[in-house]
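Line order of the protein sequences matches chains A and B. Residues in the first sequence are numbered consecutively from 1, following the working numbering. Residues in the second sequence are numbered consecutively from 1, following the working numbering.
Certain hints may be false.
To be verified - Not the full set, but computed from the structure, chain B residues with beta-carbon under 8 Å of chain A:
{"no.": "1", "residue": "I22"}
{"no.": "2", "residue": "Q25"}
{"no.": "3", "residue": "T29"}
Hints in this document: simulated from the structure, not taken from any laboratory. Glycine included, every Cβ here is placed at the ideal spot set by N, Cα and C.
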Amino acid sequence: MKLRILLADDHEIVRRGLCALLQKREGWEVCGEASDGREAVEMAKKLKPDVVIVDIGMPSLNGLDATRQLMQHDPQFKVIVLTITDSDQVIREALDAGARGFVLKSDAARDLVSAVEALQSKRMFFTPRVNDLVLAGFLDKGHVVTRNEAPNLPTLTVREREITQLLAEGKSSKEVASMLNLSTKTVETHRSNIMRKLSLHSIRDLVVYAIKNNIIQIQMPAQLHSAPETTVA
Amino acid sequence: MSHQRTEHFMAVRILLVDDHPIVRQGLRTLLQGRGDWQVVGEASDGIEAVEKVESLQPDVVVLDVTMPRMNGLEACRLIHQKQKNKNKDSGLEVLFVTQHDSPQMMREALDAGARGYVVKSNAARDLLEAVESVSQHKVFTALARSPQASS
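Chain A extracted, bound-state conformation (with noise of 0.2 Å):
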């Protein structure tokens, strides 16, 4: 029986690239394509595949909150994350969100199939780096502390989550609730609680909050003359 694996990622010219990368191995098979978490959601929930690798940084839903959902949804599910950055942040996010396997693209290459062949084999996959802050946490804390357990962060639940990024993105509340088929009321209310738990005042508080949480991710130009790419896509 066929290994089947969803890919999400909103570039078209990764997704082909992985596809390649994967197809090479007997017996693994590329059961779908998403172009942002929210349809990686979808067609997860649908092809039930055996492995699901998401980007992080895809618009609409982001790959942590996909798995969030993912997870939410069905514990069994495997996913595997692919990043541009193995910040501690983002790690922390990962493994909080219920990935069990996180890989930077750029390493992409050479640890996805591994990634892949570790899940098959019911074990996790994490870079060295995720590893050695694995190991940190337990060794300070006796266990990992995840973003919901560090103090003092407000948490924000699946749907605000979702809502946040959406809204960062520009959409109106309209439009939001048009995406997710919730009234516009219930998103004004939505709205006004993630205002209040993050004690932000303005679209603009809530721009920055975003990146500043990896929610959204954006391009930063000036700084891409000297220092090296930061981002595939």
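Given the coordinates of chain A, assemble chain B onto it according to the supplied hints.
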């Protein structure tokens, strides 16, 4: 050895330059759709790109902007400078495939001597047409925000 082409259906020899292997693989997969084109090599930064242009003499260099060691803009300038110093027209053209969906960056790329500019998010849509155009020495530019490419 010259690879100048007078007929658009003649083979186009392509060098792929991007620091992410998975992106190079994606580009290669796309380009394989054209049986008469050949990916003659790959490079992962600007310095390697300049070296491989010298050794492989491709017709088209598909070049990323932001890479370690030497970025694509500098590599593009250097590639053209070297061609100029040799005092010969090899017919080589540079096509940028980049994440930067920015008119300013596109202007900079064209100023550096590129013939084409495609945004990575739309590469699957635009790449083949862009390579086709620049290999015939026609300008091809397409930002993601623009519904249609101009060539």
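Structure-based check of all given hints:
1. I22: holds (4 Å)
2. Q25: With a closest approach of 4 Å, the Q25(B) hint holds.
3. T29: holds (5 Å)
Hint check: no violations occur; every hint is consistent with the structure.
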